[in-house]
Each structure stands twice: as C-alpha cells, then as structure tokens.
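Single-letter residue listing:
Number of protein chains: 4
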Amino acid sequence: MGSLTGRYFTVMTFGESHGPGLGVVIDGLPAGLPIDLAAIQRDLDRRKPGQSPFATARKEGDRPEILSGLTSGGLTNGSPLAILIRNEDARSQDYAKTAGSFRPGHADWTYFKKYGLPPQPGGGRSSGRETVSRVAAGAVARALLAPLGVSVRAASLSFGPVRAARRDWDFAEGHPLRFLDPDLAQEAEAVVSGAKARGDSVGSSVELKAGGLPAGWGDPVFDKLEANLGRAFFSIGAVRAVEFGQGLALSSMLGSEANDPMGPLGPLSDRHGGVLGGISTGRDLTARLYAKPTPSIALEQDTVSLDGEAVKISVPGRHDPCLAPRLAPVAEAMCLITLADFYLRGPARLGGPAQP
Amino acid sequence: MGSLTGRYFTVMTFGESHGPGLGVVIDGLPAGLPIDLAAIQRDLDRRKPGQSPFATARKEGDRPEILSGLTSGGLTNGSPLAILIRNEDARSQDYAKTAGSFRPGHADWTYFKKYGLPPQPGGGRSSGRETVSRVAAGAVARALLAPLGVSVRAASLSFGPVRAARRDWDFAEGHPLRFLDPDLAQEAEAVVSGAKARGDSVGSSVELKAGGLPAGWGDPVFDKLEANLGRAFFSIGAVRAVEFGQGLALSSMLGSEANDPMGPLGPLSDRHGGVLGGISTGRDLTARLYAKPTPSIALEQDTVSLDGEAVKISVPGRHDPCLAPRLAPVAEAMCLITLADFYLRGPARLGGPAQP
Amino acid sequence: MGSLTGRYFTVMTFGESHGPGLGVVIDGLPAGLPIDLAAIQRDLDRRKPGQSPFATARKEGDRPEILSGLTSGGLTNGSPLAILIRNEDARSQDYAKTAGSFRPGHADWTYFKKYGLPPQPGGGRSSGRETVSRVAAGAVARALLAPLGVSVRAASLSFGPVRAARRDWDFAEGHPLRFLDPDLAQEAEAVVSGAKARGDSVGSSVELKAGGLPAGWGDPVFDKLEANLGRAFFSIGAVRAVEFGQGLALSSMLGSEANDPMGPLGPLSDRHGGVLGGISTGRDLTARLYAKPTPSIALEQDTVSLDGEAVKISVPGRHDPCLAPRLAPVAEAMCLITLADFYLRGPARLGGPAQP
Amino acid sequence: MGSLTGRYFTVMTFGESHGPGLGVVIDGLPAGLPIDLAAIQRDLDRRKPGQSPFATARKEGDRPEILSGLTSGGLTNGSPLAILIRNEDARSQDYAKTAGSFRPGHADWTYFKKYGLPPQPGGGRSSGRETVSRVAAGAVARALLAPLGVSVRAASLSFGPVRAARRDWDFAEGHPLRFLDPDLAQEAEAVVSGAKARGDSVGSSVELKAGGLPAGWGDPVFDKLEANLGRAFFSIGAVRAVEFGQGLALSSMLGSEANDPMGPLGPLSDRHGGVLGGISTGRDLTARLYAKPTPSIALEQDTVSLDGEAVKISVPGRHDPCLAPRLAPVAEAMCLITLADFYLRGPARLGGPAQP
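Chains as they are written, first to last, in numbering that gives the first Met the number 0: chain C, 0 to 355; chain F, 0 to 355; chain V, 0 to 355; chain Y, 0 to 355.
Honestly, the hints are just simulated from the structure, not real lab data.
There's no promise every hint is true.
The list treats identical chains as interchangeable, and a pair is accepted whether it falls inside one copy or across any two copies.
Dumping the calculated EDC-like pairs for lysine to aspartate or glutamate here, alpha-carbon to alpha-carbon at most 20 Å [stated by the list, open to error]:
#, residue 1, residue 2
1, LYS96, ASP199
2, LYS208, ASP167
3, LYS112, ASP283
4, LYS112, ASP306
5, LYS112, ASP269
6, LYS311, ASP199
7, LYS311, GLU256
8, LYS195, GLU256
9, LYS208, GLU172
10, LYS208, ASP269
11, LYS96, ASP301
12, LYS47, ASP35
13, LYS195, GLU299
Take these sequences, add in the hints, and give me the full structure.
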C-alpha cells in the first residue's frame, strides 16, 4: 500500500533496491504526446549516483525501457505508459554486514514492526533507489507540461550551516553539489568533504521553482496546491520540513508586511510563493525542502540486533554524504507529477479554458 | 473539486461562509462506535470564534445536527455519518464593503481566475469558517482513536518574534492565546494586542503532539505518515511551513547527531519525531505548523477592483489578529482525520494485529 | 463504506429510511452551471411514492434544500453542492411489527452479520428510500449534460410475463406503471393488481436509453462505459440482471449477425447498444435492468427471529407491488451520474475536444 | 485512463497486443503471503491461446517474470508486486492487412475517435491479449483468498443455442470448450466447428461460482458485491449481459416465489445467488456472463477505410471462433480481484472479525 498517487495523472511505482528492477506505470496521459527517451534518460542521469566525488560510487546505467503506451512513432497512445529500469549494480555483500541489526535513521525497524520481515537487502522498498521511478514519471510529466511553458527546477540551498545568499541556477546545474551560490560554493564543499572524511554525513536543503504556471491551478480545501505538493515533498524519505514562499518567515511578520499588494494581473510581490487560497496566482511558485543528513554513516553507532541485543553498527558501502544534490531532481519530479495531476483535471467552470 | 479526503476514513465537507450551513459526511466508520454529541460540541467550541479578547467577535452557536449514521442508541451503524452546522451570524454587510475588490492575501483573486465569479460573501468556500466541518470530522476521528490510547493535541508555539521556550500543555489549554509558555505569555499577548491596536495582524505557529500511536502506521513511498499529514496540514489555508521532529534543524546537523540510536523497543530519542521511513515508531509524533498573519487587516492596503482599477482597501469586520489559537484545534482535527485513515487500512501482514 | 462514487463528478450520499433525512454532496461540478430547484423537484417527484394506485402510499414531500454550492444567482460556484431532503412520513410502527425477525429477500440478515446490529427501522440505509439521494444527484448531472444534447430516459419494459412488444416513450411517462407498450398496458396492470390483491408482488424490468452521447466517452480496460454503468445499475438494490444493446441475445448469434457494419459515421446498426470497446460510438446507448419482485409482501413467509427461532412473518406496510415504475427514475439517475463522471474527465488527446 | 481498479487490492495493468509486453502492478498485498510462480503459470496457461482445435493458434509462452514485491523466500514483502509477461508471437503482418480500415465489432473506430490515432497493430490496448494481466493478478488474489476457503471457478454455459442443462465442473475443466454439460458437449462442439468452418464465429456464455465466501462481504449503496462484480465483468470486452443468482428469471417471478426463506444460518435457498442487499450471505455466489461472438471473422463484411471509403473487409489471422473457453479464466480473475478488494477493507464493526 502507498505506491499509488494522482487521480488524473495516475502513477504507480514498484521495485526494490536489490530486486530485478524498478519501474512506473502512468495512466491518464492524453494521446499524441511525443515521448523522448533521451529526455527521460537525461533526468535519470541527473539523479544517478556516481556523478561526482561527493556522491555514492554505485554504478547504475539506469536505462529506461518503455514496455507500453507508445505508438510506433513515439507518441503516447492513450494507454498506460510503463517504464522499467533494471538494477545492475546491487552489491548485496555490503548490506550483508548490517543485515542482522537495525540501522539508525533508517526504516529497518519500522518495516520490521509493520511487515514482520527482517530488513531487505539495501533497504528494499525503503531505499532511496526507489526514487528512480519517480524521476522517470517526472520526466514524462515534464514533457506534458513543457508545451504550456511550465518549467520546474531545483537546486541545493544549504549544506550544514552554509546557506546560499544568492541564486545562480545555471551555476548550480553544473556544480557537483548543485549549489546555488557560487560565492559560497567552496565553503559548502568543505562542509561536505569534511563530513565525508570523518565517516559522517551532513544535512542539506533544496530550493524549487516552478515557473510558467497559469493562474487557477489547485483546488479549495483538501487539494490545495501546497497540500498536494506538501504530500509529494514529504513523501521523499529524508525531507523533514517544507515551506512555500517566504514560509516560516511569514510566521513572524505583521499582516501589513506579509500580504502581497494586488495589481491588475494579480499579486505584485511573491511572499506567498505564487499561491493564494491554494490556487496558483500565475507567478512563480517557490518551495524549500529541508533534508536530514544521510542516515548511513561509517561512524560507529548504537543499535540493536534483530534479537534485541545491543550492538555497535558502522554502515559501510557507497553512500552520499549529503542528500541535496540528488534530492533536487527527485523534488522536481514530485512537483511535476503533482502539477500534471492538476493540469489534467476537467474544467473548473463552464466555458473555461480548454484543456491540452 | 478538492473537498474529499481519505480512502478508508473518507471525509467530504461542504458549505460556505454565508450560505445556509456547513457540514461533513464521513464514510468508512466501523459500526458500534459511540458518538457523543457533547464531545463534538466541545471540539467545535475550542475552534469557535468569540472566545477571547483576541479572537473575532463573530457569534456562532456552532450546534452540530447529526443527519444520519447513528442507531437510536447513539452508536455508529455502518452508514455515513452526516453532520450539519447551520450558519447563524453571517454579517454580509461587513463584506459588502469590500466586495468590489480583491482582498490582498486572500483567495478572492485566484477564485475569480479559476471560477470566473466575483468574490463570494465572506470568502465563500475559502473562508476559515470552512474548517468547522473539519473539526466536526476530527472529533469523530478522536472518538474512534481514543480507545486505542491515541491522543492528539496542539497549542500555540509562537506569535511574531515570541517563541515558547518551554511547553506547558495544561496552561496552554486555559490561556486565551493557547500559548505554551507561561513565562512568555505576557510578551506573546503584547505582540498580539499591539498588532490588533494598530489595525494589523501578526504571524504565529502551532506545535502538535500525537501520543499513543502504535508502531507501524504509515505506508511506504507516497503514503508516508508525514506525506499524508503534510497534505493535511498544508490544506489549512494560512499554513506556509510544516516540520516534523526536529525538522528544519536537522538540515544543519551531522548524521552522527541526527540519527536516533536504537534500543530494543525502537529509537531511544526523538529527533525524527516518531516516524522512520514514513512509518510510526511508537514514540510521540511531533509537528510544527507555521502560519502567516491573518490577511484581513483594517490598515489600508493597495489592491485593484474587479475591473482592474487600483484602489485602497481596508478590511473591516471581526477578524482574529492572529491565527494560532484557532489553528490549533483545526490542526488537531486534520491530524486525527489522517491517523484514522491509516488506522482503518487493512492489515499490513498476514496474521498481523487485529483491527478495532 | 460504499456511499461514494465517481472520481470527477464525485457523489457521496447519506441518510436512512427513518432518520432525520437523506442527502447528497457532489464535488467536481464546474462553476457557472444554473441549478433549477424545480428541475430537481421534478425528478424527485417522478421517483416519489404515492403517485398511483400501484405505488406505496407513503407520503413524502421530498423537498430538496440546497445547503451549499450555489451563488446567490443560482449558479454553481465551484464548491460542493449539498442537498438535504428531510424525512417526513416515517411510520416506524409498521416496522416495529417485523423488527424482531429477518425479513426474507431483505438485507436485514446480512447487515446483522456485517455490523452486529439488529435491523434498523425501515431497513435504515438498505431501504429503497436511500435512492432519493441518487435521484437528486442525477438531476444535477442532467442539468450538466443537457446543454450537450445528452438525454437519458427509462421506462418499464416488463411485469412478470408481460413484456412490451413496442416502445411508446411518451405513453410510458404518463402511464401509472410507466409501461412502454400501450397495447399491452392492460395486461401489465392486471399482473400487478393481481399480485397486489393476493398480498404478493411481482418482478419487472426497465429499459433505458441515453441519446445524444458524443463518440469517445468511456475508457479502456476497467472503466469501460458498460463497466461503470454496470456497477451503477447493479448498485440499485433489486437489480439482478443487466444487459447492453442486444445483450443476452448476442450470446446465441453468429458473428456475421452480431457485428454492426461500419459506415463513415460509425456503426450502421445498434446491436452493440452504442458502445464498442467500452467507448461510446455516438449512437444511442441502450440498457435493460431486470429487477426481482418487491421483497416485502403481506403473504406469510418462513424466517427466523433475531434469536434464531423459526417464525412466520408477514410484512405489513406501504409497499409497491412491483419496482419498475420507481426503478426507472433511479436508473436514469445512476446513468446520468456515471455519464457526468466520464464527461468531466480531462481530454483523451492533445488538441482534443474542449471540455464544457 | 481506465487501467486502475481496486481501492485496497489495487491493480494497475499495462501493455498492448504487439508491444514489448503486458503486465500488472498490485499494491495493497499484506506481507507474508507465499506466491507460487507455478500457480500463476497455471492460471495463465488456462487462458492461453492455442490449447485446442477451437482456440486461436497464436503461440505465447506467457511466462510471468516477477519484477518486485517478493522476499528471497518467495513471500510478499508489503511492496507492490509487479509481473511482466513479454509478447513473443505477435504477427503484425496479419494485422497489416486490415490496418487501413475499421474492423466491425472492434474498438478500432471508437479508439480512433477518442485518441485520434489509426488502429494499433492487433488492436493495441483493446486486444483480448490485455486480459493476460488480469489473469496474473487474479492468480495472486486466488493465493490470498484460498487460505480462507474461498474458491472461484467458471466454465462455459452455452454456445449459440446450446445451453448446458446440468453442470459437471470437473468435466468442464478437461473439455476443450470448457463446457459444463457432458451430455450436450458434442452439440456444443458442432456449433463451434460449424461456425469456424464457415469463417464465422458464435456467441457463448459462462457460469461462475464463488464458494466459501463468508457472510458480510460487500458494502451498502454503491459498493454492493454485485455492483463491483458487475463492473468487473462488464470490463471484459465481449460481455454484453450479466446476471446474479436466478437473475433475469427473477424479473418474471412473484415475490412469494423469489424470496429465499430464512433459517438460523441465513437464506435456505439460492435464488438471490448468495447476496442480499449487496452483502454476501455465506452461500455460494453465482453469476452468468453472456458474450457476443468473436468480432474477428473471415467472412466478408461491410466497413469503411480510415478515409471513410466504403470497403469490404475479411479479418484473417488466428482467432477463436467463440469466447467462452478463454473468457472463463478471465471471469474468474475479475471475480477474485474484486473479492480481494472487499477482503482487504478494514473491519465493518468494532470488535469485528480480525483480518488475515
């Protein structure tokens, strides 16, 4: 239970870290949409491990195979689009070392309590590798939304105490940590390499921008844009806090400071992050996702074995010392999937804007 | 669209600020649950306006009428529980003054873009009054969960720059601002009365605790406990940031600081807020919700009329100068509704724990 | 559980036979649709008991009160439309006589096994009175679909052994049994009055036509038009068989007889009832619903008491001797609700037909 | 849209007749259920073409590959079970001959109107081959329900005018047409071979029995057992009529004949087919599905080309002359999937029967 999302752009993912593969089935795509395998590959590559000295060295080709949903000409045909990505480099021996005890900060213990099963190799379904399916689905959502001018991008905002003071999105895309601030990039790198050198990891955060969103997306009450995005973002394992617009800072402002004044084309400023009453204003949507440090660390920690005996654990293997660089494409994917679901809803009013 | 939530404890709400009434229909309740009208009233009263010098003076009886779903003995009978709360004190004249222009910080403009309709009296569906349905549903969820020992409470954590340094939950429940810290209560009151006196409003936040949760609630991937709670919390109009456990602070920690060490009964500390891998650990769940200031302020603001003419607006009427005190019971309700939906899922494993 | 239907035109009903009232909440209606209370009343009146010598004498005003969802000008405003119909003439004393035992052919026994509760007065949620909510929702769906030229009507096709040989829809609408065939009307009446006079009841059936349906409604695999209509029709208590087009007769034909030849505008004949591959062809959709006799009869039957003692039961009270006349408007309603749900789906292809 | 079913035992299928493969993802399975690949293969083999002189000669290995969801010991692990069946023998050349025009009785025309695409090879998603995914899912549902004693079987009831007078289920399982009546088997065979010899096809029907069902499955109003089964059965392409219990025959009975008398353990007879008020009584559930003749016939038929020109068409290729023998395992699968969805719902009452 839990691997289904979306009512209109309906996404079901499957797969485990060390099983035959991972994948996604998307139902609800309109027919006639060109799907470019290279574009999916590009998004998968952005998420892929082993891209920089800071990232895990696991080598995965992450080649998507499309199992259904396309015409021979590469257009969606109205039936479910299924994508399979086979696992290639699953080193179970690394995990064998920790298999007998519960890794702190991981889902081992809660899965054990819920399912009555010992931890699966590599975390099984709870592994970060699961997000490869999301990124594949996000790439399809991106293809659907791009013709409308909707674009979504995310990059690293902070590592430990170092937080970007300015945003250079082009710089970020080329930087090994995807960090937004060129001026502070060296400091950010130092924080990350320091943690890595000590066998430790460090927390980080990501900023996300969705541009080109028309006014009117999102629904009142439970399906507010932030509500469904909030669910999407908190469904990413390591995310512990989410904010929209000026977010947390709004909670210490006065009303006269916080309200965006209105002009004939909507709000004149962006404190609310492109959303009012849960519905897009037409301005850029901004969100920030705050992630805990990678829970897998080489440093020795206290835990218990499956039998409840106190033991020491050191989690070997190929782990990123921080999550933001690979969280960014996953956050984009979750945002795109969520926006696609709003986009494909029927019209909100008679005579309203035609759908795609 | 958007007024439905939950797959197992299924909740549909309806109603507008100035219509005949508001209500909720709940499907999925097991039969045989005693429903105490007084308990629903108690939760409605905690949300009700007009309770303190700081709250809006709108007078609503908020008397729930149960339209269906109970046996003559007051037990749920397996069919939908429907609750209606009639509007009594809807002063449309207050709203008439601002009807011709878009109130800053409100949904007037986005609803206009989405539905093609001028702002409804009192905000219509986008009014905070809509949350009365949620609180009624939450009271029913509370009745369902209480026999398991699950309890949920929320109180005010901050007003503007004043943030509680310690938590006294009993004090909070009796305090007119529901503020958690008796030592700082006067400062918090001063912030709020100051804003009110100036015709302004102020941001605030709420802390929520869910206790007595068994281990194993929540589902992998998209239905993580934080994901569905995140959606629930961000569906409350004014909420702009949400965090779980140590939340945002985790993003500047090291892994060796952030991981909760494990003991034979699960995590030994609470940095993750009672959840690992999206599934409850059995420890208390903690969340914090950060709300913007009340957007309705008497101070003059820049906006436009329905025709796009620049105008000045002052929003008269009975508005809370801050949202936390009434946000708290709504946050509780959304948490309870979400937990009830997890509780009523079928078993996660063969031979697993029996349901209610 | 079970009172929710539709993903786009989402309908939740509530209410019991002898409770305060029945109702429905509809989410997903586009804004700007005029809702005419008189039109809803007209459909409710067509379903209402007490309209002819053949129908139950229960007197219900069945006055719909709209609780939310309309502008002051009577247009839908994008928020849920809630309709309440209060019970007025619930004679519990009639039911008191049979309360201690399980009425044959009724849901008393299965509800008892499922919910652990003795039969509720008048059958509670399992009463045919429940369908009043469906008819109200159907009237709203009718208002949504009428501007497209979609019309749905149903009338009585058979009573016991008497089956209409021809269809006169205007005659049917005015006939007390809503029977389609003027030539056989007297025979049909005789069957029904005969059963009534003997304290018995008789089976019947209904034919339904949906006209004006554009080609392309319905979805492959699980959401075929007939699939969702099949669910809708079998959700009506007494329906035991459903067929589309030439239905059952197709199962004894040859392929060369059964296939509708194709012309440039689609099928040239109607053996498949306006649907191919689960998707509308643009021709009229035809369905037939076969209902068992009214289970409540005055004739003595064998049953058991709540304690399992064998007893004789005679079900007094005001019961229709046959169901078709009142089944017809309910079948229309379920068809309309289902069609509205298909209508409000997003576009099936890029550049496809604009929605309402 | 349309390839998702079930709220608790959630099934998403994908794949087209001539694409890389077909498959299914199932979410909601409790952990700890042994999945036997041989049992899935057995059900797939029962549906497989090429098994008898009467069936299409297409040769498909139909080997299921499990992509995720199992522990190394073959138990479900709580995450989605994904099954892939690759296409092996897709002879597109057969279809090339008819690709330029709309095959009568097929979905070519409606898909064209809906998706704006010319007919896909072999019918694409509308091909009967799509049902292989359902049978795989049904086999998993069977494994889930078998330990409860629930068993589901279906066999051929009629071919053209020849209808079984008695039921010999063991005989049927071994008979090439899966026909229920040994005495009439030769006549049934003659009907089918006669049609085949003439290049024609013939209609047929199937009877289904679900035994061992506990009392209390099914939900009031829209989720009645027959409602969800009706949707499931009508989602099978060729099915044009469905009945439960004595079905259509009940519509010409008297109430005194139709009501099953009640004993201390429920109904004493089976006219209602094991269901009352949409909820199982604990007796066997019976349904009958009536299918049109195979639409693909060698005999020449009138149709139009994609450009709307009148043309003659003869559909060559490997087609079954009748559908019942292969419909039977698909009907079983759809019944099993539907029952599993009811089984996995939460409890209907406090202190109710524990789940698996």
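Taking the hints in turn, this is what the structure says about them:
For a Cα distance limit of 20 Å, the shortest separation of LYS96 from ASP199 inside one copy, 18 Å, qualifies, whereas the shortest one across copies, 60 Å, does not. In the homo-oligomer, the alpha carbons of LYS208 and ASP167 lie at most 20 Å apart inside one protomer (13 Å), although the nearest pairing across protomers, at 39 Å, exceeds that limit. Proximity of LYS112 to ASP283 under the C-alpha cut-off of 20 Å is restricted to the inter-copy arrangement: shortest distance 16 Å between copies versus 42 Å within a copy. Taking the shortest Cα distances, LYS112 and ASP306 sit within 20 Å of each other inside one copy (13 Å), while across copies they are farther apart (42 Å).
With identical chains, the CA atoms of LYS112 and ASP269 are at most 20 Å apart between copies only, with a shortest distance of 18 Å across copies and 44 Å within one. With identical chains, the CA atoms of LYS311 and ASP199 are at most 20 Å apart within one copy only, with a shortest distance of 15 Å there and 56 Å across copies. For a Cα distance limit of 20 Å, the shortest separation of LYS311 from GLU256 across copies, 16 Å, qualifies, whereas the shortest one inside one copy, 52 Å, does not. For the homomeric pair LYS195 and GLU256, the shortest alpha-carbon distance between copies (14 Å) is at most 20 Å, but the shortest distance inside one copy (42 Å) is not.
Proximity of LYS208 and GLU172 under a CA criterion of 20 Å is satisfied intra-copy only: 14 Å inside one chain copy versus 39 Å between copies. Taking the closest pair of Cα atoms, LYS208 and ASP269 come within 20 Å of each other only inside a single copy of the chain (12 Å); across copies the shortest separation is 32 Å, beyond that limit. Proximity of LYS96 and ASP301 under a CA criterion of 20 Å is satisfied intra-copy only: 15 Å inside one chain copy versus 64 Å between copies. For the homomeric pair LYS47 and ASP35, the shortest alpha-carbon distance inside one copy (18 Å) is at most 20 Å, but the shortest distance between copies (34 Å) is not.
In the homo-oligomer, the alpha carbons of LYS195 and GLU299 lie at most 20 Å apart inside one protomer (14 Å), although the nearest pairing across protomers, at 54 Å, exceeds that limit.
Hint check: no violations occur; every hint is consistent with the structure.
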